[in-house]
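Peer 1: Given chain A's structure and the hints, the job is docking chains B, C, D, E and F onto it.
Number of protein chains: 6
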Amino acid sequence: MTQIKQLKPQDEFEGFYLLKELEVRQTNATPPKDYFDIVLCDSSGQLPAKFWDVSPADKETFFPMGLVKVRGLVHLYREKPQIKIAKIRPAKAEDGVSLTDFIRSAPIDSNDLVQIIKRTMESISDEETRKIVHYCINKVEERLPSYPAAKTHHHAYYGGLAYHMVRMLELGEFLCKQRPFLNADLLKAGIILHDIAKPEEMNAEMGIVSDYSNTGKLIGHIALASGWIVEAAVRLGIPLESEKVVGLQHLVLSHHNLGEWGSPVQPQTAEAVALHFIDAMDAKLQMVEDALSTTPESEEWTPMIRGLENKAIYRLKI
Amino acid sequence: MTQIKQLKPQDEFEGFYLLKELEVRQTNATPPKDYFDIVLCDSSGQLPAKFWDVSPADKETFFPMGLVKVRGLVHLYREKPQIKIAKIRPAKAEDGVSLTDFIRSAPIDSNDLVQIIKRTMESISDEETRKIVHYCINKVEERLPSYPAAKTHHHAYYGGLAYHMVRMLELGEFLCKQRPFLNADLLKAGIILHDIAKPEEMNAEMGIVSDYSNTGKLIGHIALASGWIVEAAVRLGIPLESEKVVGLQHLVLSHHNLGEWGSPVQPQTAEAVALHFIDAMDAKLQMVEDALSTTPESEEWTPMIRGLENKAIYRLKI
Amino acid sequence: MTQIKQLKPQDEFEGFYLLKELEVRQTNATPPKDYFDIVLCDSSGQLPAKFWDVSPADKETFFPMGLVKVRGLVHLYREKPQIKIAKIRPAKAEDGVSLTDFIRSAPIDSNDLVQIIKRTMESISDEETRKIVHYCINKVEERLPSYPAAKTHHHAYYGGLAYHMVRMLELGEFLCKQRPFLNADLLKAGIILHDIAKPEEMNAEMGIVSDYSNTGKLIGHIALASGWIVEAAVRLGIPLESEKVVGLQHLVLSHHNLGEWGSPVQPQTAEAVALHFIDAMDAKLQMVEDALSTTPESEEWTPMIRGLENKAIYRLKI
Amino acid sequence: MTQIKQLKPQDEFEGFYLLKELEVRQTNATPPKDYFDIVLCDSSGQLPAKFWDVSPADKETFFPMGLVKVRGLVHLYREKPQIKIAKIRPAKAEDGVSLTDFIRSAPIDSNDLVQIIKRTMESISDEETRKIVHYCINKVEERLPSYPAAKTHHHAYYGGLAYHMVRMLELGEFLCKQRPFLNADLLKAGIILHDIAKPEEMNAEMGIVSDYSNTGKLIGHIALASGWIVEAAVRLGIPLESEKVVGLQHLVLSHHNLGEWGSPVQPQTAEAVALHFIDAMDAKLQMVEDALSTTPESEEWTPMIRGLENKAIYRLKI
Amino acid sequence: MTQIKQLKPQDEFEGFYLLKELEVRQTNATPPKDYFDIVLCDSSGQLPAKFWDVSPADKETFFPMGLVKVRGLVHLYREKPQIKIAKIRPAKAEDGVSLTDFIRSAPIDSNDLVQIIKRTMESISDEETRKIVHYCINKVEERLPSYPAAKTHHHAYYGGLAYHMVRMLELGEFLCKQRPFLNADLLKAGIILHDIAKPEEMNAEMGIVSDYSNTGKLIGHIALASGWIVEAAVRLGIPLESEKVVGLQHLVLSHHNLGEWGSPVQPQTAEAVALHFIDAMDAKLQMVEDALSTTPESEEWTPMIRGLENKAIYRLKI
Amino acid sequence: MTQIKQLKPQDEFEGFYLLKELEVRQTNATPPKDYFDIVLCDSSGQLPAKFWDVSPADKETFFPMGLVKVRGLVHLYREKPQIKIAKIRPAKAEDGVSLTDFIRSAPIDSNDLVQIIKRTMESISDEETRKIVHYCINKVEERLPSYPAAKTHHHAYYGGLAYHMVRMLELGEFLCKQRPFLNADLLKAGIILHDIAKPEEMNAEMGIVSDYSNTGKLIGHIALASGWIVEAAVRLGIPLESEKVVGLQHLVLSHHNLGEWGSPVQPQTAEAVALHFIDAMDAKLQMVEDALSTTPESEEWTPMIRGLENKAIYRLKI
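Protein chains in written order, with the UniProt record's numbering: chain A, 1 to 318; chain B, 1 to 318; chain C, 1 to 318; chain D, 1 to 318; chain E, 1 to 318; chain F, 1 to 318.
Bound-form chain A, shown alone (with noise of 0.2 Å):
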């Protein structure tokens, strides 16, 4: 079965992929006719596709986020590739695929992921500090498995924000060796708390954000988790005014570094500013990363990366 990735102009093709997105529109034709935009997807990528002769059956049993099995051609539509659907069944139990196979995904398990971040959060010293963690945890623990880290900016598949916030764990423990002047129970709780509250923020399922919640427009994520923080110490007794409470919300409401970034103070503790540096660095190298890997190898650059001003990385061919 051909990958999504894999497919030039002019192939022709047949498999299983996942219908990520689709609509019912009409043509322009008299009396107007129905198509399906439709956006095909595996792990490997996607690709927009249309299916032009709809029957009122089809319109009944095709829907988003089901498996289809589809016959199809690729060509260029404003020079960029699209799927012509010539043919298209839905998933039946003997095809013997499965929803999860065909959705991208962190490279390592996310239930491990979400282990290895509770165990984290075990190792905490401070009691409280840990108690306030596995609150803001508790409030998202169906979602952090599968949730992605943002729309489309890095980290946008499922498990995406616990694999991020492995990743910064990892450099985190790296630059408290490096420099123990940092409290390592502070900034564990910072990047686990971080961007706690994005599930909150974004709709999504399988991995796959589809809008801002309105709570997430109207408030944010970073403001979302400083008054998470300040339920769980009202809950938990711990008084809002301990240096612990402030501390934490600090490092949330500051990790974005800019007001024309998110954040309405700025980074004002060694463990703050070295948040703001472990997300960054993370978040870009993994957009490089990700680029990299779903550009053809053929390919010199991959497309225009957004979260990296705009430009495209270029393999070295060293």
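If you're looking for bench data, these hints aren't it; they were derived computationally from the structure.
Values in this document were obtained by computation on a predicted structure and should not be read as measured data.
Where hints are given, some of them may not hold.
Pairs involving identical chains hold if they fit within one copy or between any two copies, as the list cannot separate such chains.
[Stated by the list, open to error] Dumping the calculated BS3-like pairs for lysine-lysine here, alpha-carbon to alpha-carbon at most 25 Å: (1) K177 - K284; (2) K33 - K59; (3) K8 - K59; (4) K92 - K20; (5) K33 - K8; (6) K118 - K8; (7) K151 - K177; (8) K311 - K8; (9) K87 - K33; (10) K50 - K87; (11) K131 - K317; (12) K80 - K311; (13) K69 - K5; (14) K69 - K8; (15) K69 - K139; (16) K5 - K317; (17) K69 - K131; (18) K284 - K151; (19) K84 - K5; (20) K80 - K217; (21) K177 - K317; (22) K50 - K8; (23) K84 - K177; (24) K217 - K139; (25) K80 - K151; (26) K311 - K217; (27) K33 - K84; (28) K217 - K284.
Peer 2: Just chains B, C, D, E and F, lined up with the frame of chain A:
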């Protein structure tokens, strides 16, 4: 008794004033001599002053925020008026002067201002909204009558914060009449809550801010107030996800309008847009009014006002 | 008759509408066929439309700004609703429809608005100021009742400019009561004059701006209005150096507040500061009000509003 | 007689100089003593100076802009050279010194410069354009020979404004030859008018700007000059709507190129684009030339130049 | 034969043109049909075109940069003119048309331009400077006559780079006469070297840039040219630390003036300041001249020009 | 002997210190008296000092960078501690003090640091890359052990540059393990080369930068290092067009990430993105670590740190 605002170079004067700031310093002489570096103020303004002949006893006698009787001479130092103190003694009970006569304060008695704010709070028809506002006011009840709205920017005097709120409430009431689609409950609540955490953000005495608190620097009054709404909701048993709690947090979080001005989210409800402009208009017009009223009538231009793009205000002769 | 605002995909409808825009285009067919690319509107909103079967006679029959009877079908095109016109004919006298019923206009009759503006002008107590305002109003007298305040930004409808002025005058009156140090004459004059040259800057018909005039692009409404004050003063024999003329020019020149927003000088009189905020607050709140009232009640969010940092407005369910 | 530019720390000197600035101040001594805070200058440069032993008679004898004979010593104060005046007396008729010998001025006699400007004006072939230019020159006729082009930025000396115009006219003439599509009449007019209102914007004597005028602050030289074109057109009976009047206003209004630099519109005619670059190039190169010529040959670097992104200029040894 | 620039909607025409771009695409039909997506050009301008009835043989016959005879019809597509090709065949030897007649090129023969540049190079009196310039010119000798100065920004045609240099040399010569303190050798060298690496930065054929080279993206023409000066110095045995080498590198490195425009250092020699303004003025005025000459006389406004703050240029009717 | 860092106002002390800066100045007295304006330092920090009774012999005795024995008193001057020197004499051989004991230096011996750098260089597997790195290190071999990484920004002490490199190499090694797609050779080379030209950009002695060199100002360390790679390649016979040379230049040229921070191109290879973040993270965390370690334990806040958006760092009490 001559008011500070009326003192001009070459004036000799005698009267009671407040030692707003006082530091002991040493001259470059050999051996170095102690002198006082002072800021003298009354309700009309303030001037720097020096007292050169400090005895050891003087150092035990004079402290910041104390009332004193001073005889002095005004001269120009680096193009600005400065007082050379010839004689100074602490005010005594029999002098019949009272601290509150010497500090700058809002033009309306601050207890009256607080009454207006509380009455407005009572007029909020939605019970949960009213209770949240009540909870937050309670947290600063003692400090509300005296606190300024800012260190130097605007309303920087005794009762300034309450005065700012009351003026904004008047403007808000006008707008709700002019544009009935605005929700008056929300706007009232937003006006009262938007700067409610300022007393936690800044350390002040008698309406004079000495500096920002640690919490103020690390969290800021915007995220602090948003956290208080969370705290109130948790204590009052109102779900954090309710549109009321989200809507109130949004008002507070967005009232500075832009990220670079400290708001992690931008106004996205009608009342949040209104709140931002009510706040900005009241602050800027008060800066203008205060600058004009503290500048001698003989001057065509006020000093430059930082909050107004560093422009001075001209007194048109019309 | 169904209002434009109420039309949803799949709706079939028939009624009278205004051809706000109409262009003849050709399809890609061989030989190419003519079709009409249309914007249909009524007072509730507008939608793009296509009429595919254009005869040579049709091309002589239909023109922009004409009233027509249309039968059509709404469908989605690139995720936005579009009308496919099945039948179209010009409105006839006996249809009893009138152009003014089909354009969007200010909620108050624009002749009444102009009367209010003139009455306010008459209430200016200083004679020279009043005469200058009178002179400038005269220059746009014919266009004042119909002109919008902007092309799309805010108050973009019949009478929008006069409506903007009247609302600002109300707000100005409130402020002069709240802060008596403001000069009411100047503020009234500033509000009436600040956008008085908009009808010279933009070409519009029935409240709909087609484009900016050459003069509008090369000089702009701010410098134009400032020039009109000069012209008025020269004709009325008032010295250009008088504080009145300088003060009025300053109000107009500075009302956009910053250089990057088009003001060559920044507000430096109390009334100029007030004028800027009155203008900004009225424009922004009107954008919010208009966006909410033209968005179907069923929608939680309005479309994004360019003038509000490209944010959409949320309808809190409180 | 030693020129100011040649004075170095430890130099003792005697000669005639101009009291560019003089203020009476008081020392911190008890009782305070009067002293003079002075800026001494000649045509080569200026230095701060102090005269410590001021008698009451001295205060009636010395004033700004007076010529004096001084004996003094140069020393370093806060890393900058300063003069300590040992002896000072007013210049007398028999000293045979004249004020104009002591001020910095353009390298060409300013009457000659004005003649060149007037001759260029006469060479404008379009009569109405010529008359408008003539009208505007008339308004500043008396001040044109002496005025500088700016307070400190560039051409800040006697005749600087006329010199700036003449150099720009030369460059404009070259460009019209190199690119014949440029309209020479317009470019000449634009160059003469672009800064014509500077004498109204700034108060200056003998080429030295003391401050900005009220009108200068409230309207600015750009809108002032645009208003003068309107005034000229009204008086000369040329319609304000004519392309000539609009085109000339556009040249003046757009010559600072960007809103943040004070232009309410951006250059939108060929001549307006040319004018902006001619102005910028002449101003910047003059800053460089003046900085190099007033910096001692022994120095590799000039002081930092504000108008050149605060960079200093290096004297390459080639 | 009708020039591209003169073609208007509804025009039918026949003539020879250059296939500047050509791509094979597929329609949405079932089965999809091939068509050509084309950009047709001649020396007067260019237009998009479609050829719908592509045979397999056609795909082997037509290629980019080939000359063709075309019969077509102009129509409007998305408000822009587009050509529908009815008939197309390759040009034959007997047609007597030559590629160079169909490309846009500088108004002066590019061999003459190169001669002028070389003659100027020979006139540099300092031997080492002259040799470095010579070395760098040698590196691009073959490409210098044909290369444009930019992809689309300015001088984007055959010989554009050399034409830009020559015009700048004229302006530089004028400036050295007007301001003799400028070092003519340095200015000549700076003008010739500043864009000398453009042919390495961009891939172009016949004056038409297809894209940036890898080296162009990774190093840029500024650092490339600076490196060439280093290379020249090493090969010629001139010390890298000499003021000559440093001064020439500085001219090249600083000519974009600001970091955000690509210069790692800002101009800090007189000639570097001059070079920046000569470059900017020539580029901007050429944009204006080219926009006016390629816009039909009947149009008042040119299209918007990206390099001029996205403003269009107005043709004043004077 | 009391360390500079421990001195508090009113302390009297005696000990050996380094005269980091010394200038002879004159008082305002008549006649003026000489005094020394001094910066005294040891390895813990530095303080300004004055010595008022300077004899002619003293002026021949004391010079910057000399060791002295001082008896003094600390007092507050403009709210900052300053030393009043009572007695001062040069250190003698028999005092047994050595210059290196008095300068601030990296926490690891700088010879060891250089060894680590060289060993890393040897571990680069690609021969040409290794040779280029070797060539560039050779150019600064003598200065590498002592040079700081910046004037004041970060690592501003003896061995600071080498220390910065070594810490970055550790972080780079970690990242190459965490993300094996990174090319370790390139990253090592990029880390060693990115600031290699700093010793050419700045003049320094004993780790203390006095100023920027002319070459440093005119070319900057980024373009300098890029030029050294060119020089190395020319000398070693490696083609300038090879991906190796281009890739190394790209690493150096892009490491400041943005044009406004001095990089003429932005990172466009994986290693260039990594290099930028490794550099930024190490510099910022070192600023934090240094600020905390040089701030007395008793202080909650460090001074403001320019490189951290001018924020101070808070010492959380956790």
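Peer 1: It remains to establish, for every hint, whether it holds in the given structure.
Peer 2: Now the hints, each set against the structure:
no.	hint	verdict
1	K177 - K284	both (23 Å within a copy, 17 Å between copies)
2	K33 - K59	within (12 Å within a copy, 27 Å between copies)
3	K8 - K59	between (29 Å within a copy, 19 Å between copies)
4	K92 - K20	within (17 Å within a copy, 51 Å between copies)
5	K33 - K8	between (28 Å within a copy, 18 Å between copies)
6	K118 - K8	neither (43 Å within a copy, 47 Å between copies)
7	K151 - K177	neither (33 Å within a copy, 28 Å between copies)
8	K311 - K8	within (24 Å within a copy, 39 Å between copies)
9	K87 - K33	both (17 Å within a copy, 19 Å between copies)
10	K50 - K87	within (11 Å within a copy, 30 Å between copies)
11	K131 - K317	between (50 Å within a copy, 19 Å between copies)
12	K80 - K311	within (19 Å within a copy, 30 Å between copies)
13	K69 - K5	within (17 Å within a copy, 40 Å between copies)
14	K69 - K8	within (19 Å within a copy, 33 Å between copies)
15	K69 - K139	neither (38 Å within a copy, 57 Å between copies)
16	K5 - K317	within (22 Å within a copy, 44 Å between copies)
17	K69 - K131	neither (48 Å within a copy, 56 Å between copies)
18	K284 - K151	within (15 Å within a copy, 29 Å between copies)
19	K84 - K5	within (16 Å within a copy, 35 Å between copies)
20	K80 - K217	between (32 Å within a copy, 23 Å between copies)
21	K177 - K317	between (35 Å within a copy, 21 Å between copies)
22	K50 - K8	both (16 Å within a copy, 24 Å between copies)
23	K84 - K177	neither (55 Å within a copy, 43 Å between copies)
24	K217 - K139	within (19 Å within a copy, 28 Å between copies)
25	K80 - K151	both (22 Å within a copy, 23 Å between copies)
26	K311 - K217	between (28 Å within a copy, 10 Å between copies)
27	K33 - K84	both (16 Å within a copy, 13 Å between copies)
28	K217 - K284	both (24 Å within a copy, 20 Å between copies)
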